Amino acid sequence: MGVKLDSMYQEVILDHYKHPHGRGLRDGDAEVHHVNPTCGDEITLRVKYDGTTISDVSYEGQGCSISQASASVLNELLVGKELSEAQKIQETFLELMQSKGKLEPDDAMEEVLEDAVAFAGVSKYPARVKCALLSWMAWKDATAQALGSDAAERKTA
Amino acid sequence: MTQLPGLLDTEAIRKDFPILDRVLHDDKKLVYLDNAATSQTPRQVIDTLSEYYEQHNANVHRGIHVLAEEATALYEGARDKVAAFINAPSRDEVIFTKNASESLNLVANMLGWADEPYRVDHETEIVITEMEHHSNIVPWQLLAQRTGAKLKWFGLTDDGRLDLSNIDEVITEKTKIVSFVLVSNILGTVNPVEKIVRRAQEVGALVLIDASQAAPHMPMDVQALQADFVAFTGHKMCGPTGIGVLWGRQELLEDLPPFLGGGEMIETVSMHSSTYAPAPHKFEAGTPPIAQAVGLGAAIDYLSAIGMDKILAHEHALTEYAVKRLGEVPDLRIIGPSTAEDRGAAISFTLGDIHPHDVGQVLDEQGIAVRVGHHCARPVCLRYGIPATTRASFYLYSTPAEIDALIDGLEHVRNFFG
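Residue numbers (UniProt numbering), protein chains in the order written: chain A, 1 to 157; chain B, 1 to 418.
Simulated from the structure, these hints should not be mistaken for laboratory data.
Treat each hint with caution, since some may be false.
[What the hints assert, rightly or not] In silico BS3-like links for lysine-lysine, alpha-carbon gap of 25 Å or less:
(1) B:Lys-195 to B:Lys-150
(2) B:Lys-15 to B:Lys-310
(3) A:Lys-4 to A:Lys-88
(4) A:Lys-124 to B:Lys-28
(5) A:Lys-100 to B:Lys-174
(6) A:Lys-88 to A:Lys-48
(7) B:Lys-29 to A:Lys-4
(8) B:Lys-174 to B:Lys-150
(9) B:Lys-98 to B:Lys-81
(10) B:Lys-174 to B:Lys-152
(11) B:Lys-29 to A:Lys-124
(12) A:Lys-4 to B:Lys-28
(13) B:Lys-174 to B:Lys-195
[As the list claims (entries may be wrong)] Computed spacing ranges between beta-carbons, pair by pair:
(14) B:Ser-338 to A:Glu-82: 52 to 60 Å
(15) A:Val-35 to B:Arg-146: 44 to 52 Å
(16) B:Ala-313 to A:Leu-14: 42 to 50 Å
(17) B:Val-138 to A:Asp-106: 41 to 49 Å
(18) B:Ala-313 to A:Ala-30: 52 to 60 Å
(19) B:Asp-309 to A:Glu-60: 48 to 56 Å
(20) A:Val-35 to B:Glu-254: 50 to 58 Å
(21) A:Glu-85 to B:Lys-150: 47 to 55 Å
These numbers were taken from a predicted model, which means no experiment stands behind them.
From the three backbone atoms N, C-alpha and C, an ideal C-beta is built for every residue, glycine too.
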């Protein structure tokens with residue numbers, strides 16, 4: 001398989017796809033359902049907060065390997081984090097995914113994103129960026145609903 | 001090289017399509033199997049478009065200078081070509097739109113604003129099918145919401161055909177309009193027009209046929225179809241984007257109200273009221289897509305010179321071959337009719353648990369262009385309990401070797417995600 005394709009389907013992404021973390025719906029403070037209308041990826045996602053600490057992100061969905069692996073990475077990265085820290089991770093991931101393949105993740109970014117840095121190659125494929133972002137947008141939306149959009153937005157600013 | 005009876009001389013035809021020579025990802029020859037989304041454009045059409053802009057460009061029906069007259073003659077000449085291509089009784093029954101979606105929306109709006117006996121209101125019903133493209137679902141949902149009319153539809157059988165077993169309950173005396181697709185863009189099914197039209201005529205309902213996936217691939221005869229309206233688009237039949245067609249029976253076009261108002265569609269205008277130009281101009285407000293219509297005319301010349309019956313035979317042979325070869329791929333499930341009988345050259349399938357997006361990505365890496373997703377026909381995916389499909393669709397320049405490349409490509413996909 002070509003070098004370019006391998007850069008998208010990193011081993012770590014395929015691992016998350018085949019062995020997803022935290023999949024399945026559990027108790028939560030808010031639930032959202034997001035879809036990617038161009039390809040039919042869907043996710044139902046719930047967040048549970050303990051104050052401003054994320055105690056769980058649970059999800060169920062169907063979609064391509066990129067969207068499913070991304071949800072798994074999100075669960076692994078965000079559960080147990082403080083909201084402000086999670087928001088920083090989400091924003092960094094968004095920046096990476098919107099980089100059109102031009103951003104070479106540095107050490108600082110790798111430290112923030114951990115496994116999620118493997119999605120750098122996906123940003124070269126405009127049609128797939130939405131797949132990678134689906135669960136992250138769902139998480140942001142669910143968080144706004146769980147904590148009130150003001151609280152969530154203030155911390156973002 | 002696989003030889004099948006009925007195939008066109010694709011070696012010669014492919015020379016007309018410069019884009020088919022493209023090499024992708026450094027060394028992969030393009031295998032274009034996304035023809036149901038859009039077809040490629042032959043040199044003859046590209047040249048016609050260039051020549052129009054280089055020699056004749058002007059607005060139509062407005063000027064008295066040479067260019068305006070030439071542009072008008074070319075634009076109206078394209079209308080003649082379309083009328084002949086679909087065997088319309090009159091050229092005045094051919095309305096140019098920007099695409100099939102606009103054609104379908106136009107009919108929905110004509111009926112929403114019409115007087116009796118055509119008017120769709122809260123006491124009437126609209127009938128569509130579960131295999132429609134979103135463009136033949138949403139306009140009717142909008143019309144139903146605005147008028148209070150009831151929207152009904154035919155369901156699908158397990159093998160991808162319309163379930164007409166309850167046709168007398170679905171199409172009733174209350175039905176004002178029956179709108180359905182001639183060839184499904186996702187299932188490939190060719191629908192039994194005559195049976196549906198006969199029932200619609202029994203109850204006095206109008207019939208609109210979405211021929212977007214039919215007009216490019218088979219001889220079209222609107223008189224034989226016996227429908228009241230037929231919609232299709234230019235870019236799926238070797239023409240440019242931005243040009244569609246709505247054919248409608250003359251007496252209906254005379255009776256039904258315009259939808260868009262503006263220049264070109266009027267007879268006289270005062271500050272108090274206006275009278276309208278006769279059809280087709282009544283339905284062509286504003287400057288139309290002139291070059292695109294002329295380009296569609298050139299596409300029709302191109303297709304007609306080859307022969308629509310020959311194109312149909314070519315695609316049927318390819319479809320038979322593709323269905324057979326896809327059947328050899330482990331874990332592959334065809335969504336739609338499993339034989340080439342009453343079937344067009346668009347074939348949707350799933351491949352085990354591998355999501356179509358991933359299938360399409362790995363195929364693209366090998367230069368193979370297919371469509372993945374729900375193909376703007378999400379209710380079909382819901383019906384068959386699948387999130388999406390991969391779709392390969394063929395045209396007059398497609399070859400058995402390209403189908404072989406697809407089969408090899410799918411083997412790569414299975415290895416990659418296996």
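Each hint, compared with the structure:
Our distance criterion of 25 Å between C-alpha atoms is met by Lys-195 of chain B and Lys-150 of chain B, whose separation comes to about 22 Å. Between Lys-15 of chain B and Lys-310 of chain B, the direct Cα distance comes to roughly 18 Å. Compliance with the 25 Å bound is thereby established for this hinted pair. Of the pairs offered as hints, the one joining Lys-4 of chain A and Lys-88 of chain A is violated, with about 29 Å between alpha carbons and a cut-off of 25 Å exceeded. For the proposed pair Lys-124 of chain A and Lys-28 of chain B, the alpha carbon gap of about 19 Å is at most 25 Å, so the pair holds.
Only pairs whose Cα atoms come within 25 Å are accepted, and Lys-100 of chain A paired with Lys-174 of chain B is rejected, the gap being roughly 54 Å. At most 25 Å may separate the alpha-carbon atoms for a hinted pair to count; Lys-88 of chain A and Lys-48 of chain A meet this at roughly 18 Å. For a cut-off of 25 Å, the pair hint linking Lys-29 of chain B to Lys-4 of chain A stands: about 17 Å separates their Cα positions. A C-alpha spacing of about 9 Å is found between Lys-174 of chain B and Lys-150 of chain B, which places the hinted pair at or below 25 Å, so the restraint holds.
The straight-line distance between the Cα atoms of Lys-98 of chain B and Lys-81 of chain B is roughly 17 Å, inside the 25 Å bound, and the hint therefore holds. Distance check on the hinted pair: Lys-174 of chain B and Lys-152 of chain B sit about 11 Å apart at the alpha-carbon level, within 25 Å; holds. Proximity of Lys-29 of chain B to Lys-124 of chain A is assessed by CA-CA distance (about 21 Å); at most 25 Å being required, the pair is judged to hold. A distance of roughly 13 Å separates the Cα atoms of Lys-4 of chain A and Lys-28 of chain B; the hinted pair therefore holds under the 25 Å criterion.
Restraint check for Lys-174 of chain B and Lys-195 of chain B: satisfied, since their Cα atoms lie roughly 18 Å apart, inside the 25 Å limit. Look at Ser-338 of chain B against Glu-82 of chain A: about 55 Å separates their beta carbons, and that is inside 52 to 60 Å. A beta carbon spacing of about 26 Å between Val-35 of chain A and Arg-146 of chain B contradicts the range 44 to 52 Å that was offered as a hint. Restraint check, Ala-313 of chain B to Leu-14 of chain A: a C-beta distance of roughly 44 Å satisfies the suggested window 42 to 50 Å.
At about 46 Å, the CB distance of Val-138 of chain B to Asp-106 of chain A agrees with the hint of 41 to 49 Å. Evaluation of the 52 to 60 Å hint for Ala-313 of chain B and Ala-30 of chain A yields a pass: the beta carbon distance comes to about 58 Å. A beta carbon spacing of about 50 Å between Asp-309 of chain B and Glu-60 of chain A agrees with the range 48 to 56 Å that was offered as a hint. At about 44 Å, the CB distance of Val-35 of chain A to Glu-254 of chain B disagrees with the hint of 50 to 58 Å.
About 53 Å separates the C-beta atoms of Glu-85 of chain A and Lys-150 of chain B, a value consistent with the hinted range of 47 to 55 Å.
Hint violations for this structure: numbers 3, 5, 15, 20, all remaining hints satisfied.
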